[in-house]
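Asks: Line order of the protein sequences matches chains A and B. Per my numbering, the first sequence starts with residue 81, numbered consecutively. Per my numbering, the second sequence starts with residue 81, numbered consecutively.
Be aware that one or more of the hints could be misleading.
Copies of the same chain are indistinguishable here, so a pair counts whether it falls within one copy or spans any two.
In silico EDC-like cross-links for lysine to aspartate or glutamate, where the CA-CA straight-line distance does not exceed 20 Å [unchecked claim]:
#, residue 1, residue 2
1, Lys319, Asp368
2, Lys403, Glu245
3, Lys319, Glu370
4, Lys108, Glu352
5, Lys227, Asp316
6, Lys347, Glu370
7, Lys323, Asp368
8, Lys323, Glu370
9, Lys287, Asp377
10, Lys113, Glu94
11, Lys319, Glu394
12, Lys113, Glu352
13, Lys347, Asp368
Hints are computed from structural coordinates only; laboratory data are not their basis. Quick caveat, the model's predicted, so the values are computed rather than measured.
Number of protein chains: 2
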Amino acid sequence: MIVDCHGHYTTAPEGLWAWRKNQLSSLKNSFAKPDISDQQIRDSLEGAQLKLQRERGTDLTFFSPRAGSMEHHVGDVGVSEAWSRECNDLVHRVCSLYPANFAAVCQLPQSPGVPPANCIPELERCVNQLGFVGCNLNPDPSGGWWKEPPLTDRWWYPLYEKLVELDVPAMVHVSSSCNPAFHFTGAHYINADTTAFMQLIQGDLFKDFPTLRFVIPHGGGAVPYHWGRYRGLAQDMNKPLLKDHLLKNVYFDTCVYHQPGIDLLLKVIPAENILFAAEVVGAVRGIDPETGRYFDDTRRYIDGAAGLSAADREKIYEGNVRKVYPRAAAALRRAEGRRA
Amino acid sequence: MIVDCHGHYTTAPEGLWAWRKNQLSSLKNSFAKPDISDQQIRDSLEGAQLKLQRERGTDLTFFSPRAGSMEHHVGDVGVSEAWSRECNDLVHRVCSLYPANFAAVCQLPQSPGVPPANCIPELERCVNQLGFVGCNLNPDPSGGWWKEPPLTDRWWYPLYEKLVELDVPAMVHVSSSCNPAFHFTGAHYINADTTAFMQLIQGDLFKDFPTLRFVIPHGGGAVPYHWGRYRGLAQDMNKPLLKDHLLKNVYFDTCVYHQPGIDLLLKVIPAENILFAAEVVGAVRGIDPETGRYFDDTRRYIDGAAGLSAADREKIYEGNVRKVYPRAAAALRRAEGRRA
């Protein structure tokens with residue numbers, strides 16, 4: 081089994097964007113559901129994410145609303161709540177249509193300056209009523225201005241308490257950038273991953289939440305490349321070794337789009353802390369002229385990694401995800417059934 | 081010859097910080113020079129940067145004021161100008177006392193929202209009168225709030241014209257962070273490196289300035305680890321191959337504090353674009369328990385890199401720096417004379 085823990089509905093039908101446009105040009109926050117048929121959903125996936133699953137031989141994708149469109153910075157908290165519900169409902173429809181191909185991960189209705197506790201009702205609705213297996217948590221709902229307290233601040237604690245209670249992890253994932261300094265997928269995403277990890281080094285969050293689990297996407301930003309720097313900074317701050325300080329709670333995905341990057345990730349981060357992911361259809365869509373393969377076909381790099389044992393490969397493809405996302409067990413059984 | 085292109089005067093005598101404290105607690109901007117004797121300067125270096133040069137067998141360090149103390153966000157442009165002059169004058173004294181060990185790189189008197197052209201007089205003074213060989217350019221003088229236009233914006237062009245005229249490169253280096261989201265050496269520095277490179281991908285700066293040269297420190301932030309992502313993003317944007325788009329003008333230093341990181345850097349970035357550096361005494365001061373060596377003893381990693389040819393090692397240690405910093409030729413001759 082190969083589980084991709086990081087996919088977004090980047091190909092959502094036009095009806096969703098029409099709904100959003102209507103929402104943002106209106107003063108009310110109550111609308112009919114987006115005008116999207118099941119066939120439109122199928123069409124949006126069959127030639128894209130599902131085609132790539134088949135071609136690349138992956139089995140199950142954890143699927144969340146398009147990250148760049150979470151846009152927590154747009155409008156007020158009511159706008160964010162209504163938009164999050166629609167995006168999550170649409171992802172739920174995807175997973176209901178293809179229950180053996182996708183498991184749902186929700187967008188949270190964050191809003192700049194609004195205590196994250198406001199996200200609890202939507203999180204509970206998604207997990208308890210709709211069977212979602214995780215959520216995306218935005219450390220910067222301002223969209224590139226970074227005005228929220230660090231992830232270790234008590235500001236976030238009520239949401240963490242709920243994550244622990246529900247036993248779902250959060251992927252730490254920003255949305256689009258409205259700061260012209262930061263290209264969104266080329267700078268803001270990677271910076272956010274790096275920033276989040278450093279915040280976690282500085283704090284002692286997992287003393288308070290020993291079972292809370294974060295996935296840091298895009299291979300952990302700059303962290304594995306600078307693993308010596310982070311080990312050294314933690315040591316200078318009199319923190320425990322990173323494996324004890326953070327690696328019981330923090331995981332990295334494999335959205336690193338070339339073989340040398342994946343090789344480094346596998347070399348410095350324990351296999352127990354790596355989850356397979358490709359983020360397709362996502363940030364980088366072309367074919368690497370150096371390999372003739374899609375940049376984002378990360379399975380090639382995992383399969384091509386010299387010296388990765390079969391046992392470690394299995395952890396990365398399936399074993400770890402079962403531990404980090406226990407609520408995905410049913411979807412994993414369905415995916416297994418499809419394969420059988 | 082081994083040239084370290086990235087060192088800061090982190091151990092400057094107390095007289096400098098007293099001067100700064102006086103400056104910031106006063107309403108005037110004219111003060112006596114800092115009360116610092118030559119012996120105090122010697123003492124501040126002999127047990128630190130000079131000791132490490134000797135122990136690690138490096139020959140010449142490009143030396144600039146402490147990056148975290150540039151603090152372009154503190155006070156107004158007059159405060160920044162006065163402080164930059166004092167910091168640069170002190171570095172000049174260092175290089176005058178040890179002309180065969182250090183070559184000077186200047187801090188620029190940037191200030192948030194102030195056109196960078198204001199830096200030209202201090203840059204000219206440092207280069208033309210004091211023999212400085214380069215400068216540090218802060219892409220975010222706000223100190224973590226990122227309010228300046230991207231480095232490709234015409235906002236910066238008058239300064240670039242002067243850099244080209246003087247034939248000195250700029251190291252793209254932020255200062256401290258006053259944004260609590262960003263630890264300064266663990267997040268802000270690395271993010272800034274990544275951000276700057278992505279800005280350069282998005283633009284076409286080197287069409288306008290074909291001889292302008294930037295050094296991106298800390299191993300290029302996240303860039304080499306995500307080299308596939310950056311190649312792919314550039315391709316999706318219909319930019320030329322990165323080697324043609326940027327690598328005639330952009331260089332990475334080797335401030336990456338573990339062997340696997342350096343190995344990755346050497347694997348994906350051409351040797352012609354890598355400059356040796358350690359940034360000592362700097363961000364990470366401890367001994368790596370996994371190796372028993374200082375994290376920041378980057379010479380160990382370069383010497384320990386399997387498959388690096390002698391010719392490429394020479395480029396990284398010396399050859400490239402001669403091309404990127406042509407004004408360092410005299411200091412290189414002095415360092416050679418000391419060795420002889």
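Asks: If a hint holds in the structure, say so; if it doesn't, say that too.
Replies: Taking the hints in turn, this is what the structure says about them:
In the homo-oligomer, the alpha carbons of Lys319 and Asp368 lie at most 20 Å apart only across protomers (14 Å), although the nearest pairing inside one protomer, at 40 Å, exceeds that limit. For the homomeric pair Lys403 and Glu245, the shortest alpha-carbon distance inside one copy (15 Å) is at most 20 Å, but the shortest distance between copies (59 Å) is not. In this assembly of identical chains, the alpha carbons of Lys319 and Glu370 lie at most 20 Å apart only when taken from different copies (16 Å versus 41 Å within one copy). In this homomeric assembly, Lys108 and Glu352 never come within 20 Å of each other (Cα to Cα): the closest approach is 47 Å inside a single copy and 58 Å across copies.
With identical chains, the CA atoms of Lys227 and Asp316 are never at most 20 Å apart, being 27 Å at best within one copy and 31 Å at best between copies. In the homo-oligomer, the alpha carbons of Lys347 and Glu370 lie at most 20 Å apart only across protomers (14 Å), although the nearest pairing inside one protomer, at 23 Å, exceeds that limit. In the homo-oligomer, the alpha carbons of Lys323 and Asp368 lie at most 20 Å apart only across protomers (14 Å), although the nearest pairing inside one protomer, at 34 Å, exceeds that limit. In this assembly of identical chains, Lys323 and Glu370 lie within 20 Å of each other by CA distance solely across copies; the values are 13 Å between and 35 Å within a copy.
Taking identical chains as interchangeable, the C-alpha atoms of Lys287 and Asp377 are never at most 20 Å apart, the minima being 37 Å within one chain and 33 Å between chains. In this assembly of identical chains, Lys113 and Glu94 lie within 20 Å of each other by CA distance solely inside one copy; the values are 13 Å within and 66 Å between copies. Neither within a single protomer nor between protomers do Lys319 and Glu394 lie at most 20 Å apart by alpha-carbon distance, with minima of 31 Å and 38 Å respectively. In the homo-oligomer, the alpha carbons of Lys113 and Glu352 never lie at most 20 Å apart, since the shortest distance is 41 Å inside one protomer and 57 Å across protomers.
Within a single copy, Lys347 and Asp368 get their C-alpha atoms only as close as 23 Å, which misses the 20 Å cut-off; across copies the closest is 17 Å, which meets it.
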